[in-house]
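Protein chains in written order, with our numbering: chain A, 4 to 496; chain B, 6 to 106; chain C, 33 to 528.
Because the hints were derived from the structure by calculation, they are not lab data.
What you are looking at is a predicted structure, and each value in this text was computed from that prediction instead of being measured.
Some hints here could point you the wrong way.
Which residues of chain B face chain A? A partial, calculated answer using Cβ under 7 angstroms [as the list claims (entries may be wrong)]:
| hint | residue |
| --- | --- |
| 1 | L32 |
| 2 | I42 |
| 3 | A53 |
| 4 | P59 |
| 5 | R97 |
Glycine included, each C-beta is placed from N, C-alpha and C at the ideal position.
Chain by chain, the residues run as shown.
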Amino acid sequence: MSDLTRLSAADIAASVAAGEVSAVEVTEAHLERIAQVDAKVHAFLHVDTEGALHAARQVDVRRAAGGELGPLAGVPLAMKDVVVTKDLPTTAGSKILEGWRPPYDATITKRIKDAGVVMLGKTNMDEFAMGSSTENSAYGPSHNPWDLTRIPGGSSGGSSAAVAAYEAPLSIGTDTGGSIRQPAAVTGTVGFKPTYGNVSRYGLIAFSSSLDQAGPFARTVLDTALLYETIAGHDPRDSTSIPRPIAPAVSAARDGAGGDLSGVRIGVVRELGGEGYEAGVLASFDEALGTLKGLGADIVEVSCPHFEYALPAYYLIAPSECSSNLARFDAVRYGLRVGDDGERSLEDVMSLTREAGFGAEVKRRLMIGTYALSSGYYDAYYGQAQKVRTLIVRDFEAAFTQADVLVSPTSPFVAFEIGARAADPMAMYVNDLCTLPASLAGTPAISVPSGVADGLPVGLQIMAPALQDDRCFRVAAAFESATTPVLASIPEL
Amino acid sequence: MSEPRISRDDVAHLARLARLAVTDDELDLFAGQLDVILGAVARVGEVAAADIPPTTHAVPLSNVLRADEITPSLPREAVLAGAPSVEDEKFRVPRILAEEA
Amino acid sequence: MTTLTYEDVLAKYEPVIGLETHVELGTASKMFCGCSTTFGAEPNTQVCPVCLGLPGALPVANEKAIESTIRIGLALNCSIATWCRFARKNYFYPDMPKNFQTSQYDEPLCVEGYLDVDVEGTTYRVGIERVHLEEDTGKNTHVGTSGRIHGADYSLVDYNRAGIPLVEIVTKPVPGTGALAPEVARAYVTALRDILRTLGVSDVRMEQGSLRCDVNTSLNRPGEEWGTRTETKNVNSLRSVERAVRTEILRQAAVLDAGERVLQETRHFSETTGDTRPGRSKEEATDYRYFPEPDLVPVAPDPEWVESLHAGLPELPAARRRRLVDELGVSAEDMVHMGNAGVVDLVGATAAAGAPVGEARNWWLGYLAQKANEAEIDPAELAIRPEQVARLIALVADGSLSTALARQAVDGVLETGHDVDAVIAERGLQRVSDTGALEQAADDAIAANPDVAEKVRGGKIPAVGALVGAVMKATRGQADAAAVRTILLEKLGASE
């Protein structure tokens, strides 16, 4: 194994900037690692060898010419396949988009390219980001590098697996109900969901527009902050993008790494724990609270009584919005077309195409959403869910008067075996119990590794008020500084 | 066991609305699954929220508008490149049954 | 089924009408993206990821379109929402790239207004229920022997029009118009079109589809509840608005008289036959599953901004008419007439160019209206400018042209696009004022028509008309008919 794949993004960038290693060498090392292990992990749906080497060469040329390099120039990155990339296959894990090469770049794609970050390829995911395991990918599941029989989380499971397997030091995921945080937790990586509106959604294939938010994966909190700052900030192409500068994340991470949390009030959410949570997860969480206390933090208990309704509210809002967002896949302008024999009507061809192009989970959600938005049911379902959302926002507001950040386990479970929950949709949905409240409230949350239970990683979720994303980084970096790196114990592939 | 919320016919109706040509087997499978899911999500109704305003956007913004300025369109080759069928520089689709809404 | 006359029908039933008008705004760019809105571009050249509905693309609302909608609302006496949202209207149709239309549902930008229209001396107040903003769809071409959707082999879609801002103006039901329902409907669309044109928010060209009407009609017996309404689509000219209402009144009356029920349905108007035919019924009731558009944020017009838009409205047609009644000294009735004919501004401009208002009115309601009617266009679309009409009126007044010659000059201007004086020169439209030539022509006419001449000499003065006609013909219309008449009567020793 090449040492280069074990470096942090910050170290790679520093080495490239100092001329100690070229971006091409770094990229080649990672491409080689992918060639070695991805047949087992299946983190990638598409590896763009040529494009990656081209981007790396450009960084080297710029450096040679004395040009300025950004803080992540020359660092390889794996991009979730839900993010649109010009001329590169973009499928969102679905058959319905197989072969589609978009004519434009997402805003975050553009920002990553502009920063000299080297995109290695596109990562596997649950189809249209619907799932918690990547088992819903039309192209087969990704495997957890900790144990290849287990899931790497989802929906951004390809992105978490790629980082945990040292195929890339950085990756991009998207989080609608926990799709960055839960995969980070079960792979021993760091994953951050920003405040809704801090990262542009332009070019993210929409699942649930009012919840979707892209964010970074990395193996360290600092790397996560560096990537977040690279992609975040106002975008006039996204009407829901917040038109002001983000709270600085990198300096918060550096601050926190000093390991001093004195005076910081950390709220433990009473409703996120206890029954239904695995013992190993709860034990790791208790240990984490001890660690935080040891760093000087005040631990307080807070109650968020409406969090128990987050799951039903989420599983109404997200399907409703996706039933509308996915209507555009109709066999007319792009993507799959099935059954066009010259005789069948457009209506039939459309229905056959969608039937063939979408997997079971997508179909279920399309029908749930169609039902929830129907005129007779709107008030009882979608309308009521939006009101519950307000109550969850209020719970957060009340809790944040008592605490600066809130903590919980990221997921009630460690990585489960592939196939174990596939037959029962509800059993899959409860993976998101802890991550859903922050999604519904649009507030930032980070998952950092808190330990290992039965040989599998456990994550700690740190939640902050809207726009105070920096608090997540500060507390996470302090916590990281006081714990043994979890990934150090990952078995060799 | 209460009456199921969702019958096989309901699934067929929803599938039509969602433009999914579901199979007979799927009708059975989905009827059972959707019934369980809808039963679970119906719990939102337990919350007394009559006087609570709905939240549609987590971060409140308003009046995000753009100036009325022309920006370049896509080259037509790029527009049509991904289409399943093209004729006379337009998207070709099978005969349409329904009239415009 | 017996055929009822329109009068029979109106003796038994009272119509209630309602109109939904769609107006494409004349913004430079589309509603939610920067693509151009220019009409007539090559197919699929004015599209981008947003208006093509590509995965990942997001809308951003056009400020000018919001502003135009508010101005329309203000001009229609509406209240302007202090906070409103866009909503998604979900249905599958291939001309709609996202398979939902971004529109407004229960929170339109403008509500509760009215527009007064005058028909045959009575003012009808048409209530405006709402004015909202949405996006237009692309255009389908149906390929096959029929050329229509029915029986087509396949269809082709061009998305250039998709995403052009579209304002929908919905009236409240209008009862109490009686037999004048068709005229009131037409007068409303005419008045609305004039307002939109005055505001400069749209080119309001019905033939290009930038103004489109759906007409709702129902019938009830006096004293009874309103009947079931039909919605007639595809009504694409002012004349058709009137015809469509009349057609539906007659059709529904025949249905009711036969003891049957009027079906609530969408019908399509045929410009060629003037008939309406039912749309194909949908297999199930449409449920658009509206919900607030999560990709857009609310629009909350600042009251000060709305006030400044209100203050900045141009003088609206109704006010202008009232002013012109005073300034031009035309009667109110005449003004209504001119309004319905769409010539108020033209008369005003012609008068402003120096013509007496009465002459201007006569020309625009007379010969010019006739030319417009022949060409099936609006008078404003005639290829002659008010200044040119004023010039002709001046030439008639100073005796340079006869009325007949002036009409020939109009024809010339319309045909060639040349200016009035150029046409007169090209076509030799000089009035014959040479008395010698006229006397010669008069002598010739008398010689050629001795019987007529004898009658005139015998006191049958009106018979001189035939001789005048002969002289005019001989001079190719270039003589002054009054002068010719005087000369002929003198020569024949007769007097009036």
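Results for each hint:
1. With a least beta-carbon distance of about 11 angstroms to chain A, the hint placing L32/B at the interface is violated under the 7 angstroms criterion.
2. Taking 7 angstroms as the C-beta contact cut-off toward chain A, the hint placing I42/B at the interface holds, the least distance being around 6 angstroms.
3. Hint on A53/B is violated. Least Cβ distance to chain A is approximately 10 angstroms, over the 7 angstroms limit.
4. With a cut of 7 angstroms, the hint placing P59/B at the interface with chain A holds, because the nearest CB-to-CB distance is about 3 angstroms.
5. At its closest, the beta carbon of R97/B sits 9 angstroms from a beta carbon of chain A; the interface hint therefore is violated under the 7 angstroms criterion.
Hints 1, 3, 5, counting from the list given before, are not met by this structure.
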